[in-house]
Each structure stands twice: as C-alpha cells, then as structure tokens.
Amino acid sequence: MYTQALNSSEGEDRNVEDAARAAQFQARIDAEERIEPNDWMPAAYRKTLTRQISQHAHSEIVGMLPEGNWITRAPSLRRKAALLAKVQDECGHGLYLYAAAETLGTSREELVDLMLAGKAKYSSIFNYPTLTWADIGTIGWLVDGAAIMNQIPLCRCSYGPYARAMIRVCKEESFHQRQGFEIMLTLCRGTDEQKAMAQDALNRWWWPVLMMFGPPDQASQHSDTSTKWKIKRFSNDELRQKFVDATVPQAQYLGLTIPDPGMKQNEAGNWEYSAIDWEEFKQVLAGNGPCNRDRLAARRKAHEDGAWVREAAMAYAEKRRQRSALQAAE
Amino acid sequence: MATPNIPLWEVFIRSRNGLAHKHVGSLHSTDATLALQAARDIYTRRGEGLSIWVVPSSAITASDPSEKGMMFEPAESKIYRHPTFYDVPDEVGHM
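Residue numbers (our numbering), protein chains in the order written: chain W, 3 to 332; chain P, 65 to 159.
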C-alpha cells in the first residue's frame, strides 16, 4: 500500500460556507473526535479527502503492475506464492480505499474513470520499471517501507473510514516489507553477481523512493490545511528523515551502499542526505516518467477486457430479479 | 464510456464463535452470491472470520447524526439507570 503527498487542498471553497458550522467542525477536530461519513463537513475537507483517498487507491491498483511483472518469473515456488499474495493484498488495499473514498459521496466507478482518463494522479514510484528480480526485493524493502512510514500516522487521520482502512492496511503491509528484505538478504549472501544485482536495484530505486514522501516542506504550500484538519500529522521532510534514519542501518546490515556519496550522520544521529532532483519528480508526475504510458495503457486494457464480465454479471442479476418477480406474481 | 454503477454491499464478519458479526467494510457486487465470494477474498485473506454476512447498503436505515441530540440525549440525563448512582456502604462489600 502506497501513498505519497498527494494531499493538497483548496481553501477557497470554505468562504461560502456557514462560518459557525466550520468553527464547530474545527472544534471537533481539535478535540481529536473522528468525523464520520454523514457528519457535516466543509466542502474543501470532503474534496481534499476524496482526492487523497482515491489517489491512494489508484496507487495500490497501479502498484500491482510492476510487481505482477515478476510473478511468472519468481525464482522459486515459495517466492512466487509470497509475491502473488502480496500483489493480491495490494488489490485488496485498493478496494478498501475506494470503499473509504466512496463514503464521501463519489462512486468508485467515477473515481476509476478519472484515473483511466489520466485525470487523477497515483504515486510517482510506480512509473519506474522492474528490470530484475532484485527490484522486487527492493520494492518490498524500500517502497513498502516508505509507504508504512507514510501510512502509520494516517491510522489516526480525522476521517473515520480512512483511518480504519489504514489500520487494516498497515497490519498487512508489514509482511510486504519483510518479504522484500528477505529477498535482498538472500541476494546479498549469494554470489557476487547476485549481490551486484541487489546493489544495482538499490542504486536505481533509492532516489525515487525518497521522492515518495512528496516535495520538501518549504515548497509544499498545501500542507497547512491538511495539518489543521488532522489528515496529515507529520511533514514530508519529517517522514523522509525518519525513513532514511531507519533504512541506513538496514542497508549496512545487507552490505549495500546507499547511492549518495555525500550522505553523513550528524551529531544528533540523523543521516543527512544530498539534494533530491525535484525536476525528475515533477517530470514523472507530469506523465513523463519511464513507464507512465505503459501503466495507464495496462490499466485501460484490463478495464476494457473486464467490461464483458461486468455486463454479464449485471445481466444475470437482472434476469434473476425478473424471474423472482414473475414467480412472486404467480 | 462511463462505467455503470454496480450495487454496494456492507460486509459483517464473525471472527470466532461466541462473538457477534462486526462491520468490516463494503464492496461492490451485482448479486448476493458474488458479494459473498468477493467478501471472502477482500476481507478474510488471513483467517479473519468464520462467518460472513453481506447486506445491500440500500437496505440499511441509519439514524441522522445531526439529530443525535434528540435521539440520544434522553438516555444521558437518566443517570439513575447506572449502578454507580446508588450508594451502598463499604461494609456491605461488593454488590
């Protein structure tokens, strides 16, 4: 399960609303009360959450593609079973999240159509290719690791259905990260070529993974409202730093080198990383990453190929309804 | 072409015998049989349940949160419905 800082919000809708209700709403948030679907909420809160949760859901669904690429080529039955289970989990996570998003009043079909039309974002990380088996290890270890860092605070998000979905997701996510790390450990203890493959995967994924936490704090102008509404509880840079500090010792244990020669530990014990190439991030989000077009094309094809199944199921349900209505009339 | 809407169902799971079914989430399905199968796949991948109920969301009648004052206030003022309202001397022991 993956989220990134897609949680921008728009403040302008708020002006038209009843200031007294908005104040009451904020008081509930400040008192750490959870907001439930039928409660009154500012239009901008609804809009921000609908966008964030649906983009999170799209990320889960698109996230099945890079890993699904390796199911048929997993090196053993054990690895294959685990990867299959992981990809199934990602699908489940997407569905929990669509269900949470729908409680805000937009149907899953509409949300999916927006994604297929290229009008909704998903996590930038899934626009990178999985070239070797070590990429599967790296995704579990780092991509899922970064996702967990992002998602744990979301378990306390002010919106009840989102928080509940995240609790479920976080429980399942831990298996993903551990299976990834195990793949890396096996490769690192293997032949020189296997270890080189692990290092190569880390080299390619490291920077895109750091970008998963979203733009640096001074550049992210939308965070304020999300923080005020307790959708977001830590800043992008705080979470990124936490992730780096947790990951460096794991890389050391594997005997891998983080591809950042300028990285150093400061007096407080935090690992300071070099500047991130935000231009690359912007390009990937704008649709110009290595796999953006492939990913959308694969999603569209899957959706179109499944159309007859949806139609047949609807037709069958309708036929049954008519038959039981006839029987009741007799 | 817009994707047509498929009906929504609410899913309830009994995690073990002796416990009540508990709401775990929702899903889309055209009929009850498919809803049960989807509920198994989506909500019980790790042995979370022994029994599943699926209910069309449209069949649920819910109270209105904006009327919760009128709905629940009468219970709040009747503190004499709770055991702690009554004084029993310590000498009597646990009651």
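Bear in mind the hints are in silico, worked out from the structure with no lab data behind them.
A hint or two may mislead.
[As the list claims (entries may be wrong)] Here are the simulated DSS-like cross-link-like pairs (lysine-lysine), alpha carbons at most 25 angstroms apart as the crow flies: (1) W:K173 with P:K86; (2) P:K132 with W:K232; (3) W:K123 with W:K230; (4) W:K284 with W:K123; (5) W:K232 with W:K173; (6) W:K49 with W:K232.
[Unchecked claim] The following label-pair restraints were derived from C-beta to C-beta distances: (7) W:R302 with P:H146: 57 to 67 angstroms; (8) P:N81 with W:D202: 44 to 54 angstroms; (9) P:H85 with W:D115: 31 to 41 angstroms.
Nothing here was measured: the structure is a model prediction, and the numbers come from that model.
Note that beta-carbon positions come from the ideal geometry of N, C-alpha and C, so glycine has one too.
Pair hint K132 (chain P) and K232 (chain W), alpha-carbon separation not exceeding 25 angstroms: The given pair, whose Cα atoms are some 24 angstroms apart, holds under the 25 angstroms limit.
Given hint K86 (chain P) paired with K173 (chain W) - CA-CA distance at most 25 angstroms: holds (18 angstroms)
Verdict for H85 (chain P), D115 (chain W) (Cβ pair) under range 31 to 41 angstroms: Holds: the Cβ-Cβ distance is about 33 angstroms, inside 31 to 41 angstroms.
Agreement of K284 (chain W) and K123 (chain W) with the hint, judged by alpha carbon distance not exceeding 25 angstroms: holds (12 angstroms)
Hint check for H146 (chain P) and R302 (chain W) - Cβ pair distance inside 57 to 67 angstroms: holds (59 angstroms)
K49 (chain W) paired with K232 (chain W) [C-alpha distance capped at 25 angstroms]: Given that 25 angstroms is the threshold and the Cα spacing comes to 15 angstroms, the pair holds.
Hint consistency between K123 (chain W) and K230 (chain W) [alpha-carbon to alpha-carbon, up to 25 angstroms]: holds (23 angstroms)
Given pair status - K173 (chain W), K232 (chain W), alpha carbons within 25 angstroms: Holds. K232 (chain W) to K173 (chain W) sits at ~22 angstroms (cutoff 25 angstroms).
Range hint 44 to 54 angstroms (beta carbons of N81 (chain P) and D202 (chain W)) holds or violated: holds (52 angstroms)
Checked against the numbered hints above, the structure breaks none of them.
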